[in-house]
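Asker: We have chain A already, so just place chain B on it with the hints.
Spelled out, the chains give:
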Amino acid sequence: MQSDTNGYRLHKISPLFILFENIKKLIFPIVIALFSTRGSSWELFALGFALIISLGAIVQYRFYRYWLEGDKIRVKEGIFFRNVRQVPYKKIQNLNLVQSPLHRLFGVVKVQLESASGGRPEAVINVIDMAAVKELKQKINGEEEEPQEEEIAEPKDSILSLSFGEIVRYGIITNRGIVAVAVFMGFTMQFLDDQIERLVKNYISQFTQWIDGLISSVQIENGWLYFTLLTLIGVIAALLALWLLSIVMALLKFHGFVLIKTKEKLQATLGLLTRLQATIPMGRIQSLTIHESLLHRWFKRIGITIETAGGVNNDQQGVSMKQVAPIAPNTMRTQLLKEIQDDVDWDAIEWKGLNPKGWRRVLKVMLIIGLVVGLPTLLYSIYAYPIWLVIWGLYSVYYSKAYIRSAGYTLNGEVIGFKDGVIFSKCTFVRLPKTQTIAVKESPFDRRHRMASLEVDTAGAMVGAHHINIPYINLDEALAIKNSISDKIKGTQFKW
Amino acid sequence: MSNEQEHHQDPTNNLSSTQEQAKDASLIEQLPDNKQRLHPDSIKVSRITTAIVSLIIMLVPSVAGILSETYLLLAIGAAVGLLIFTIGFIWARKSYDYTWYWLADEGLYIQRGVWWRKKTLVPFNRVQHTDVAQGPLDRKYELGKLVTHTAGTRDASVSLEGILLETAHELRSVLQEEGESDAV
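Residue numbers (this note's numbering), protein chains in the order written: chain A, 1 to 496; chain B, 1 to 184.
Quick caveat, the hints were computed from the structure, so don't treat them as lab data.
Computed from a predicted model, the values in this text were never measured in an experiment.
Every residue gets a Cβ at the ideal spot worked out from N, C-alpha and C, and that includes glycine.
Among the hints, erroneous ones may be present.
Said to hold, decoys possible - Now the in silico label distances, taken between C-beta atoms and shown as ranges:
hint, chain 1, residue 1, chain 2, residue 2, range
1, B, R93, A, F299, 25 to 35 Å
2, A, I58, B, P136, 30 to 40 Å
3, A, I79, B, H129, 27 to 37 Å
4, B, S159, A, F424, 25 to 35 Å
With the rest of the complex left out, here is chain B:
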């Protein structure tokens, strides 16, 4: 395991200093103690996805540039692709840093968003059904996605991506049990 990996797994190290935390005094300063982060491998998955996307974006102008021998087009395509990749690379880490989830008496909380932050509560007894899904990249890192469906409309499905498949299954069974025990 590389150094970086260890760095990722240390949850206290993410908002690097207490100063930064004070500056960001907001929704996320009020998180409970049992808050959980996503799995660190989710950063890798998201970076690989960005890499694939930016490669595809680069591909079209590159091929066109080579064929027509206009190297400016090639350069622009490469620059745009690189830019997208860089932003995606940084953003993967950022959004990981600002995403938490936790279970409380009333339901599942999900806190996310770097700039526009949102704390969503899915009450246990409002969960209609849950999905656990896994993409090909997720499979490599044993990650999974938990989708909780409610009867609502705008937030009809709340998904939590980038947790271990195992964790997703555990969360799902908790949601199911709590939802049933709540039935009056």
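Chain A on its own, in the form it takes in the complex:
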């Protein structure tokens, strides 16, 4: 199966998996083609498609080869357009293994290599057996590798392992079900709008009738009380269903989550049906964010995500391993941080507050938002608008005070951190050598109060994600922070 000159081949079963991947990619064109040719000889078309893509898969498999050379991996693929790619081992950021139930059946695994180039994975090896994976890992991690069981990481020497209960909590806290439902709704609305709409309306009316029956058996007369009760029950039922969905999704993704540390790398194993193993070199972590939403606080939990350089930014493009600790007890916070980033002195973190006067500026922004957002209430009643403004005003005062009170930054010789947020509190740390550009920003409003904000850019940051962007600090303070970061990185080359 392998020799040094001919390189390594994929596992013999891999045409099957390549076929699946191709079908996944082509499913929409196929479905559309089938629908458009329906009535004529669509069976023939389907057969033709199947034939072509299966043949394609086999040919793809025959033409795929990789070589493990002294300091780099060379991958050759392609039938008509040959593509040879060389990735130095040193440049490989992450090595991820994916194993679905079908993979397990054949004892094979899909390997995904990521470098810092961002976007797509640098090389995908689909599929090889465990022995080949071991060889690959040894090459990438340097020659010496202590013999250890790859598949089953021992929970006892792990940094973090999640029990069933923890994963259920994760499901409840993050409530990813909402996203799934939204996507599903959007999707179905696009395609089968009429029928689905009737179906959904039917279900809703059936559900209301059922509750109607329940309530009228308790004998409450029609009226606004009845309607509020109806909505209340509906909302609670929807929430429960969403939570259930979220928990199921969380279990599918994180079942058996184990995070272990081997030398300079973190290795996470997770997944119920499709097992996933991801390794992250700790030195390559660009930034680290602690999530502590209201629900997190109720359960006394935190979540930790990381950003690595480039890498794969979303799930569609491959496996992303951002959730280094999806959920953990708050008491483990410092311990986890020490494990994940052992070159930072986490006990020496001291928080400095923002400018206390900043809360008035937050309040002004909130009030303007309230004035605009509340306008539609005028359509309902002329009294609704002032009532809305009073409620919103009270909330705004609370929110702006709480925001300024809870937000803050920290800066020492090693790391800069920024935390903010009232309901969804987040806290991000960047080790100073990972800084790219530094910007001091000053809006006209900042200028009136001699304030400014400071933003630090890092590699691999997701757009819109929480990052170091410290608002409402004194201008001198912002400039001082900028100076101390730039002093720190002056003589150091950026190492991914």
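Answerer: Coordinates of chain B only, in the frame set by chain A:
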């Protein structure tokens, strides 16, 4: 050379009085002595660009107005185009007045923004690569654009438009040299 041109080239004359400078006491009062302005011709380039854009904006309602003989449409189109041009004309000068760049030990600084001001530091040893680009209008005035790329995301490329092509090349070689000498 016209009078205006000379006026532009005098960097001290830009924040016309010391009073105005005091009122604007802020980020830009702390600029170092070796700060540089963009090339004054960049104002012209930016004004010509605005003129072209506003002409194009005027074109559609004008043609439609003439064809359908609704002269109100024509008037509105002309007014909008003129307004855009006037704002662009003034703004070109304003943004020139508030843009500086300079080199320091730690890297290249770019200060810009009239109302929302931003001082960006691109450290030498964080520059991945640099581009020098030149558009057709730039070519006429021998101007160019320097784009520095870092490994970052939000500020992954920081560009400096409206400097002489020659200056862009010089800056680029400084960035390259400094970046290499910093390599440890």
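Asker: Next step is simple, just say for each hint if it's right about the structure.
Answerer: Status of the hints after comparison with the structure:
A hinted range of 25 to 35 Å for the beta carbons of R93 of chain B and F299 of chain A is inconsistent with their spacing of about 57 Å. Take I58 of chain A and P136 of chain B: their Cβ atoms lie about 52 Å apart, and the range 30 to 40 Å is violated. A C-beta distance of roughly 33 Å is found between I79 of chain A and H129 of chain B, which places it inside the suggested range of 27 to 37 Å. Between S159 of chain B and F424 of chain A the CB atoms are about 34 Å apart, so this pair conforms to the stated range of 25 to 35 Å.
The structure does not agree with the numbered hints 1 and 2 stated previously, though it agrees with the rest.
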